[in-house]
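J.: Sequences listed follow chains A and B, in order. Counting from 0, one number per residue, gives the positions in the first sequence under numbering that gives the first Met the number 0. Counting from 0, one number per residue, gives the positions in the second sequence under numbering that gives the first Met the number 0.
No lab work stands behind these hints, which were simulated from the structure alone. Note that CB positions come from ideal geometry on N, CA and C, so glycine has one too. A few of these clues could be false.
Unchecked claim - Lysine-lysine pairs mimicking DSS-like chemistry, simulated, CA-CA at most 25 Å apart:
(1) Lys-174(A) with Lys-188(A)
(2) Lys-160(A) with Lys-59(B)
(3) Lys-189(B) with Lys-176(B)
(4) Lys-175(B) with Lys-189(B)
(5) Lys-45(A) with Lys-161(B)
(6) Lys-160(A) with Lys-175(B)
(7) Lys-175(B) with Lys-45(A)
What the hints assert, rightly or not - Where chain B lies over chain A, by a calculated footprint (3+ residues, C-beta under 8 Å):
(8) 70-79
(9) 144-151
(10) 164-178
(11) 191-197
(12) 425-431
To be verified - Now the stretches of chain A that chain B is said to cover, found in silico as 3 or more residues with beta-carbon under 8 Å:
(13) 11-18
(14) 43-55
Listed below, chain by chain, are the residues.
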Amino acid sequence: MATLLDRLWDPHVVADLGEGWSLLHIDRVLLHDLSGARALTEVGEKGHAVARPDLVFATPDHAVSSAPGRTSETFAGGARPIAGLRQRAKETGVRLFDLGQPGHGIVHVMGPELGIVLPGVTLVCGDSHTCTNGGVGALAFGIGASELTHVLATQTLMQRKPRAMRLTYEGVLPKGVTAKDMILAAIGKLGTAGGTGYAVEYAGSAVRALGVEARLTLCNLSIEMGAKMGFVAPDETVFQWLAGRRFAPKGAHWDAALRDWQGLRSDVGARFDAEHAIDAATIAPQITWGTSPEQVLPVTATIPAPATPGDRAALDYMGLEPGRPIAGTKVDWVFIGSCTNSRISDLRDAAVLLRPGAKVAPGVTAWVVPGSEIVKREAEAEGLHRRFLDAGFEWREPGCALCVAANGEAVPPGARCVSTSNRNFVGRQGTGARTHLASPAMAAAAALTGAITDVRAF
Amino acid sequence: MDPFTTLTGVAAPLLRANIVTDMIIPIQHLVGATRQGLGQHAFERFRDHPDWPLARAAYKGAPILLAGENFGCGSSREGAVWTLQGIGVRCVIAPSFGDIFFNNCFQNGVLPVRLPEDAIRRIAAEVEESPGNARVTVDLERQVVVTPRGEAIPFAVDARKKSALIEGLDEIALTKKRAEEIAAWQARDKQARPWAWESVAP
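Make the full structure from the sequences, and use the hints.
T.: The following block contains the structure:
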């Protein structure tokens with residue numbers, strides 16, 4: 000009786016190191032311009048070669064401006080790390096997808112999009128949202144720069160196998176409710192430490208009904224409930240989505256891969272260290288009210304009375320009053336983007352609300368930042384960019400942008416932003432910025448009405 | 000990496016749950032930064048608040064941090080550890096840690112110790128009886144935390160991580176000794192899963 004975690008983890012154990020520790024083979028590595036550039040430099044400084052440059056892929060995403068027409072110099076602070084990433088990638092033979100090239104984008108968007116990330120592979124990146132890639136059935140997790148250096152030098156990592164959790168969503172999602180709402184509801188229920196020490200398998204009929212991009216969104220916020228990794232058993236939906244992608248297996252290799260991938264599931268009756276269930280039909284569109292993703296509500300709810308000093312501090316920071324409905328709270332900014340919600344299906348979900356003549360509410364600054372160059376081009380080919388621009392949104396260049404504000408872009412102090420990203424921490428989107436996490440459709444609704452709005456009533 | 004054996008010093012209480020690495024250091028200070036000099040930015044969005052526990056002079060430079068549940072959760076940024084080192088921290092004691100932060104500590108010679116929350120509160124209460132004077136000892140060899148009043152509280156640590164810290168071992172060098180095992184695994188895997196290798200062949 001094996002769990003999916005066993006089937007993903009066990010075959011990658013190069014050596015059992017005792018006490019639950021393994022020397023784990025890493026099949027794919029993604030590098031970005033902060034931790035990735037650093038690790039690529041440090042591995043050389045320590046006198047090591049990059050063990051398997053053919054398994055390593057790099058792209059700058061964090062410290063790049065998202066301004067139309069940007070270059071790597073537009074945000075001066077990013078110029079040096081990006082130059083370092085380019086130079087070290089060239090020296091070591093690591094493939095780099097640079098600004099403006101198909102393949103460039105947020106690491107966790109470009110990885111699956113190019114078929115670099117596949118079911119059953121192990122993947123690391125110096126970024127906590129690496130768990131996103133579990134959406135295609137990979138064992139993917141974030142690590143620090145030193146562990147990343149270890150991987151680059153040896154293609155392995157010493158890790159302790161996490162405990163296995165299964166989070167099951169049975170039922171049918173109501174209209175207007177998305178994967179983002181599913182995972183925010185789970186974080187609200189289990190808390191931001193609920194998954195610490197676990198790998199989470201998302202299961203159930205509502206998960207199987209999700210497209211691949213929605214599964215990537217679901218897995219993306221695993222780390223927000225403490226789980227370093229989260230994944231969904233790969234199925235026909237994943238196989239069809241991957242077929243033909245640039246680095247997906249071809250021909251006989253594809254057939255062999257399919258045979259392997261079909262076995263990637265938990266046995267019926269497999270034992271999990273923790274099990275949780277959520278009825279998909281009961282989930283409403285979610286919106287965070289505080290400064291932790293666990294401080295989240297259905298959009299129909301009222302702002303809660305503070306239960307702890309932390310809640311009180313969060314309400315003060317957010318400038319919210321307990322007892323009032325969260326809907327109707329006026330917003331100043333809207334951000335549609337990030338490794339959570341910047342894929343083509345996310346942009347389509349938001350664009351659906353843009354009826355002819357629809358306009359961003361006066362006083363609201365609304366940004367759309369596609370997750371990758373390929374997403375951007377696909378959206379432009381469909382004319383989505385035109386619809387966003389006509390409605391008064393800014394249509395920008397791919398990157399992490401306002402999710403992490405590492406590129407000189409920021410929501411101004413005190414401004415309230417509905418954001419499709421993953422973290423509403425104090426100062427995350429800029430010093431003093433107030434972040435409300437929500438789905439792309441909820442973000443678009445907020446942009447058009449100038450207030451937090453239930454997308455179902457839109 | 001500096002070896003870690005025994006540490007005696009002031010323990011600063013920061014007993015809040017879910018301190019995310021974003022709180023320890025905003026990302027802006029890590030763009031193009033070195034590992035050194037980050038201490039000046041530690042908790043900068045919180046430290047000026049009158050209730051901020053670490054603002055008290057008695058806790059300045061404390062090598063031990065007494066923390067709440069899920070300390071260091073969130074972003075994988077290793078700069079959070081370098082920042083704590085920058086203000087003199089060598090050991091964090093908490094009921095639980097963010098998984099990535101926990102590993103990052105060991106990579107830098109910082110010891111994360113898991114103790115039950117009530118034990119941490121007990122230590123904090125003893126520390127607060129004489130802030131700045133009370134000393135706590137963390138003895139990795141014996142795996143005990145000794146409170147200011149002399150109570151020895153045992154803690155668990157993986158033998159592998161313990162010896163790496165005590166001896167200041169370089170994990171890359173250790174793993175490279177297994178180069179043949181790794182190569183053999185890769186050769187077997189290429190037979191078993193050719194698709195995983197061929198699909199990304201340059």
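J.: Now tell me if each hint is right for this structure.
T.: Hints and how they fare:
Of the supplied pair hints, the one linking Lys-174(A) and Lys-188(A) holds, its CA atoms being roughly 21 Å apart against a limit of 25 Å. Between Lys-160(A) and Lys-59(B), the direct Cα distance comes to roughly 37 Å. Violation of the 25 Å bound is thereby established for this hinted pair. Our distance criterion of 25 Å between C-alpha atoms is met by Lys-189(B) and Lys-176(B), whose separation comes to about 22 Å. Distance restraint check for Lys-175(B) and Lys-189(B): the Cα-Cα separation of roughly 20 Å lies within the 25 Å cut-off, and the hinted pair is therefore satisfied.
The hinted pair formed by Lys-45(A) and Lys-161(B) meets the criterion: a straight-line CA distance of about 23 Å does not exceed 25 Å. At most 25 Å may separate the alpha-carbon atoms for a hinted pair to count; Lys-160(A) and Lys-175(B) meet this at roughly 21 Å. With a C-alpha separation of about 13 Å, the suggested pairing of Lys-175(B) with Lys-45(A) holds against the 25 Å cut-off. Coverage of a stretch by a chain is defined here by at least three residues with a beta carbon nearer than 8 Å to that chain's beta carbons; for the stretch 70-79 of chain A and chain B the count is 3, and the condition holds.
Counting residues of the stretch 144-151 of chain A whose CB falls under 8 Å from any CB of chain B gives 5; the rule of at least 3 is met. Counting residues of the stretch 164-178 of chain A whose C-beta lies closer than 8 Å to any C-beta of chain B gives 0; at least three are required, and the coverage claim is violated. Counting residues of the stretch 191-197 of chain A whose CB lies closer than 8 Å to any CB of chain B gives 4, which reaches the minimum of 3, so the coverage claim holds. Taking a C-beta to C-beta cut-off of 8 Å, the stretch 425-431 of chain A contributes 4 residues in contact with chain B, enough for the three needed, and the coverage statement holds.
Evaluation of the coverage hint for the stretch 11-18 of chain A: fulfilled, as 5 residues show C-beta separations to chain B shorter than 8 Å, against a requirement of three. A stretch counts as covered by a chain when three or more of its residues have a beta carbon under 8 Å from one of that chain; for the stretch 43-55 of chain A and chain B the count is 4, and the coverage holds.
Checked against the numbered hints listed earlier, the structure breaks hints 2 and 10; every other hint is satisfied.
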